[in-house]
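Residue numbers (our numbering), protein chains in the order written: chain P, 9 to 310; chain G, 37 to 273.
Derived from the structure by calculation, the hints contain no laboratory data. Be aware that a few hints might be false.
Subject to a maximum C-alpha distance of 30 Å in a straight line, what follows is the list of computed DSBU-like cross-link-like pairs (lysine-lysine) [unchecked claim]: (1) P/Lys-10 with G/Lys-118; (2) P/Lys-10 with G/Lys-188; (3) G/Lys-145 with G/Lys-185.
Note that the structure is a prediction, hence the values are computed from the model and not measured.
The lines below spell out each chain.
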Amino acid sequence: MKGLIIQHWQVIRLTFQRLMHTPIASLLNILVIGIALSLPMGGYVLLKNLQSVAGQVAGPPQISVFLALDTSQAEIDRISKQLKEHAAVDRIEFVPRDLALKQLQQSTGLEDVVGGLARNPLPDAFIVYPVAMDVQKLELLRDDLKSWPHFEHVQLDSSWARKLESILRFGRLAVGILAAMLSFALIAITFNTIRLQILTRREEIEVSKLIGATNGFIRRPFLYYGFLQGLLGGIAAWLIIALSLALLNYSLVGLAQLYGSSFSLSHLSFGDSLTLLVFSAYLGWLGAWLSVSQHLWQIEPR
Amino acid sequence: MLKRISRWTQHSLYKKLIVKMIKFNQVYKRYPGGHEALRNLSFEIAEGEMVFLTGHSGAGKSTLLKLIAAIERPNGGSVIVKGQNTKSLKSAALPYLRRNLGLIFQDHKLLFDRNAFDNVLLPLQICGYDHRESAKRVRAALDKVGLLKREKANPIALSGGEQQRLCIARAIVNRPSILLADEPTGNLDAEYSEEIMHIFKSFHQVGVTLVVSTHDEGILRRFPARALHLKQGELQP
Chain P
9 MKGLIIQHWQ
19 VIRLTFQRLM
29 HTPIASLLNI
39 LVIGIALSLP
49 MGGYVLLKNL
59 QSVAGQVAGP
69 PQISVFLALD
79 TSQAEIDRIS
89 KQLKEHAAVD
99 RIEFVPRDLA
109 LKQLQQSTGL
119 EDVVGGLARN
129 PLPDAFIVYP
139 VAMDVQKLEL
149 LRDDLKSWPH
159 FEHVQLDSSW
169 ARKLESILRF
179 GRLAVGILAA
189 MLSFALIAIT
199 FNTIRLQILT
209 RREEIEVSKL
219 IGATNGFIRR
229 PFLYYGFLQG
239 LLGGIAAWLI
249 IALSLALLNY
259 SLVGLAQLYG
269 SSFSLSHLSF
279 GDSLTLLVFS
289 AYLGWLGAWL
299 SVSQHLWQIE
309 PR
Chain G
37 MLKRISRWTQ
47 HSLYKKLIVK
57 MIKFNQVYKR
67 YPGGHEALRN
77 LSFEIAEGEM
87 VFLTGHSGAG
97 KSTLLKLIAA
107 IERPNGGSVI
117 VKGQNTKSLK
127 SAALPYLRRN
137 LGLIFQDHKL
147 LFDRNAFDNV
157 LLPLQICGYD
167 HRESAKRVRA
177 ALDKVGLLKR
187 EKANPIALSG
197 GEQQRLCIAR
207 AIVNRPSILL
217 ADEPTGNLDA
227 EYSEEIMHIF
237 KSFHQVGVTL
247 VVSTHDEGIL
257 RRFPARALHL
267 KQGELQP
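The task is simple: from the sequences and hints, build the whole structure.
Printed below as a string of structure tokens:
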């Protein structure tokens, strides 16, 4: 047990030494991995920011219900009560037809035209604020309301939400594809680095096998190297993202002021950062493992 | 007294008591392509014995040593080293067999990316010794072959004889019970090979089993020991 710990510690030191032995090559490898990882991860951060911004700007969703023109006051009261009791409804607001007309006059500036109308063409309306925020539940509520008597027209102001949702879905898919492809690239980079290392250390491997090294002992430094390279690549990616966000935020300050808001991009959360590092280290390890299992058995002492 | 001991050593009971370190039983070795390197080889080497392996180059000396170290496996018959049949040995168990063996190569197989000290350290790293214990052992091994003052030198800066001695230091640092040396004096002049044979003799005296291959029959006259003579893959009487 103690021997094993000593061996692992020796290997970790050895791995650092090997990394430092070829500083430029190691640095370039780490940078390539960092850039490859920062693309999907940066996209993910932007998407997350976009989602939260959209939520802030658009306000809570609402469903407008227009009643039939011949609905009586008693029926309106009954509907109002029923809506309030509906489980999916948070609160409602009643807009009488006279008020609606007045608002129309004021907001559009078409006082003359509206004033010339013989009678009020607008119906009474309810504005329903639902409990749920996501598109599917909103649509379910709208369809439910459509079937109620006296409801002439039910309108869900969800087009923006739908558009945003589909844009986000598209973005997430794109980021996902990018991440998958670049993960393969990362594995390939490590695979090749380790392949070259195995070739240059052929003699050492041969001699080690001759004097009683287990396969685990021979494999270990390469696996650690892949792991370490992946981890450092992940750290590089994190730094690239942090730097880019800082730059973007700097230029966003001016833009946000023009819109009278104090908006800034938020950075990767702690959990996301941890995921990034674990994932990149794992991919590095995996690439090294694949390479070692592919190449090591070919080197047998003769 | 001496007579009685010698009579006793010829007694069959005594022969059964001696532990067999290496045992070849009707061993055949063919290489791909049909070349038959060893034919019907049977012999035993007891614990603590020193055996010379003689014959011209191509007689099968290296192949025989490779069979003992399980670098090659026999095509027929069995090779038993320390009670283990190398043919049925699982590849996971192979490293642990090799840790009992000290291998000395004609071409040294030293690593030029590290100094003499680290070359000798490698077997101990493989076995997972801690640093202080390893350093002690490495220096003891280097001292034994007279290279203590060259521990910082890169092997490439050492002479042929020194490289061979460094190879020996690496082979013995793990205190193996069997030493296998393939033409250890092959490329050395008389003075150096004499030195190396004396080193081997000192290991023999502390009970290490030694198998040394050589094409130099003169060594046998200077260091009398049992000899196995190979000719075209067969054991000569």
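Outcome of the hint check:
1. P/Lys-10 with G/Lys-118: holds (27 Å)
2. P/Lys-10 with G/Lys-188: Satisfied, since the Cα-Cα distance of roughly 28 Å is no more than 30 Å.
3. G/Lys-145 with G/Lys-185: Given that 30 Å is the threshold and the Cα spacing comes to 21 Å, the pair holds.
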